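K.L.:
Produce the complete structure using the sequences and hints provided.
If you're matching positions, the sequence shown starts at 25 in our numbering and goes up one per residue.
A few of these clues could be false.
To be verified - Pairs of lysine to aspartate or glutamate residues, derived as EDC-like cross-links and limited to a Cα-Cα distance of at most 20 Å, are as follows:
1) LYS70 to GLU42
2) LYS70 to GLU48
3) LYS70 to ASP93
4) LYS70 to ASP59
5) LYS70 to ASP99
Said to hold, decoys possible - FRET-style restraints, in silico, Cβ to Cβ:
6) GLY139 to ASP109: 39 to 49 Å
7) PHE66 to ARG122: 15 to 25 Å
8) SER121 to LEU94: 11 to 21 Å
9) ASP102 to ASP78: 20 to 30 Å
10) GLY60 to GLU117: 34 to 44 Å
11) MET25 to VAL116: 34 to 44 Å
12) ASP39 to CYS95: 38 to 48 Å
13) ASP109 to ARG85: 31 to 41 Å
These aren't lab readings, by the way, just hints derived from the structure by calculation.
Only a predicted model underlies this, so the values are computations on that prediction, with no experimental measurement involved.
Backbone N, C-alpha and C fix where the C-beta goes; we use that ideal spot for every residue, glycine too.
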Amino acid sequence: MDVHTLDHLVLYATDVDETCAFYERLGMERREFGDGRVALHFGDYKINLHRAGDEYDPHARDPTPGAADLCLVTDDVDDVAAELDDAGIDVVEGPVSRTGARGELRSVYVYDPDGNLVEIAAYR
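P.N.:
Listed below in structure tokens is the structure:
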């Protein structure tokens, strides 16, 4: 087996519409697929959303809103804090130096509506 990249991940949302609105402010696009399922698309990736308590099978053994910690990569993090402020999103921390899969990052952290920690970062 030779795994190349991540295709998608799933977040369990208390309110799918509120979660979509938050991630749309980060530049993602809401798309519906299948039988009323919802995903957030960005670049070549997507985040599938399951409404907590009404998950699609199969799902995580203990699906819990607010338990994720994910990192989104952008081209430049210098203006991210100001853009988040303009979008009404509070910055938890940053910009700070961190280490990503490919090297050093500059990162800004926020919480989504369920309390998932979202790192928005740019490689140096």
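K.L.:
State for each hint whether it applies.
P.N.:
Hints, one by one, checked against the model:
1. This hinted pair checks out: LYS70 and GLU42 have alpha carbons roughly 17 Å apart, not beyond 20 Å.
2. Between LYS70 and GLU48 the CA atoms are separated by roughly 12 Å; this keeps the pair inside 20 Å, and the hint holds.
3. Between LYS70 and ASP93 the alpha-carbon distance is near 15 Å, which keeps this suggested pair within the 20 Å criterion.
4. This hinted pair checks out: LYS70 and ASP59 have alpha carbons roughly 17 Å apart, not beyond 20 Å.
5. Distance check on the hinted pair: LYS70 and ASP99 sit about 18 Å apart at the alpha-carbon level, within 20 Å; holds.
6. Judged by the Cβ atoms, the range 39 to 49 Å given for GLY139 and ASP109 is violated: they are separated by roughly 20 Å.
7. Judged by the Cβ atoms, the range 15 to 25 Å given for PHE66 and ARG122 holds: they are separated by roughly 20 Å.
8. Judged by the Cβ atoms, the range 11 to 21 Å given for SER121 and LEU94 holds: they are separated by roughly 19 Å.
9. At about 40 Å, the CB distance of ASP102 to ASP78 disagrees with the hint of 20 to 30 Å.
10. Checked against the hint of 34 to 44 Å, the C-beta distance between GLY60 and GLU117 comes to roughly 36 Å, which is consistent with it.
11. Between MET25 and VAL116, the C-beta spacing of about 36 Å keeps the proposed range 34 to 44 Å intact.
12. Between ASP39 and CYS95 the CB atoms are about 23 Å apart, so this pair departs from the stated range of 38 to 48 Å.
13. A beta carbon spacing of about 38 Å between ASP109 and ARG85 agrees with the range 31 to 41 Å that was offered as a hint.
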